[in-house]
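Please put together the full structure from these sequences, using the hints given.
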Amino acid sequence: EAGWGALMDAYANVADPAKVEECIKRMQKDGMEANRVHWSILVKAHCNAGDTSAAIRVMNDSVRAPDVVCYNTVLSAAMRLQHLDNLVITLRDMERSGVAPDQNTRQVLGASAAALKVGGLLKTLDASFRARL
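Under the working numbering, the first residue of the sequence shown carries the number 71, and numbering increases by one thereafter.
Keep in mind the hints are simulated off the structure, nothing from the lab.
You may find that some hints are simply not true.
[As the list claims (entries may be wrong)] The calculated label-pair distances, taken between Cβ atoms and stated as ranges, are:
| id | residue 1 | residue 2 | range |
| --- | --- | --- | --- |
| 1 | Asp196 | Lys95 | 36 to 44 Å |
| 2 | Ser198 | Gly101 | 42 to 50 Å |
| 3 | Gly101 | Leu151 | 31 to 39 Å |
| 4 | Asp155 | Ser198 | 22 to 30 Å |
| 5 | Gly180 | Asn130 | 36 to 44 Å |
| 6 | Asn83 | Asp155 | 22 to 30 Å |
| 7 | Ala201 | Lys95 | 37 to 45 Å |
| 8 | Arg127 | Ala72 | 22 to 30 Å |
| 9 | Asp137 | Asp196 | 14 to 22 Å |
| 10 | Asp86 | Asp131 | 41 to 49 Å |
What you are looking at is a predicted structure, and each value in this text was computed from that prediction instead of being measured.
Glycine included, C-beta positions come from ideal geometry on N, C-alpha and C.
Structure follows, in structure tokens:
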């Protein structure tokens with residue numbers, strides 16, 4: 071299984087989500103179940119390919135319980151690509167899921183507030199979530 075993960079990560083690093091999906095299908099055909107790590111690699115591949123909408127779909131449909139690293143991957147890509155709608159969707163989903171932001175989240179949101187003027191959005195988030203930012 072570790073070999074599959076390494077291969078998928080290599081494809082994710084070169085922004086090839088189709089190859090990552092192919093690996094997942096081959097794994098499943100061989101009787102292995104894809105886990106959160108494998109699906110998170112597909113999220114990363116979509117983000118590296120510039121498709122944050124696809125990354126969010128995979129996060130919602132397959133990862134199911136994303137961790138802070140998965141959220142930060144999408145937030146960072148949305149910021150880099152200036153996909154403001156997907157930045158907001160991901161941030162709200164992170165808040166709803168109860169995943170605590172970390173230093174990387176704060177760095178992305180600090181850049182977002184400056185570059186995308188989302189300071190108003192941050193004020194609408196739950197006070198306890200906002201306090202952790």
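Hints and how they fare:
no. : hint                          : result
1   : Asp196 <-> Lys95: 36 to 44 Å  : holds, 39 Å
2   : Ser198 <-> Gly101: 42 to 50 Å : holds, 43 Å
3   : Gly101 <-> Leu151: 31 to 39 Å : holds, 37 Å
4   : Asp155 <-> Ser198: 22 to 30 Å : holds, 25 Å
5   : Gly180 <-> Asn130: 36 to 44 Å : violated, 26 Å
6   : Asn83 <-> Asp155: 22 to 30 Å  : holds, 26 Å
7   : Ala201 <-> Lys95: 37 to 45 Å  : holds, 43 Å
8   : Arg127 <-> Ala72: 22 to 30 Å  : holds, 26 Å
9   : Asp137 <-> Asp196: 14 to 22 Å : holds, 19 Å
10  : Asp86 <-> Asp131: 41 to 49 Å  : violated, 20 Å
When each numbered hint is compared with the structure, violations occur for hints 5 and 10.
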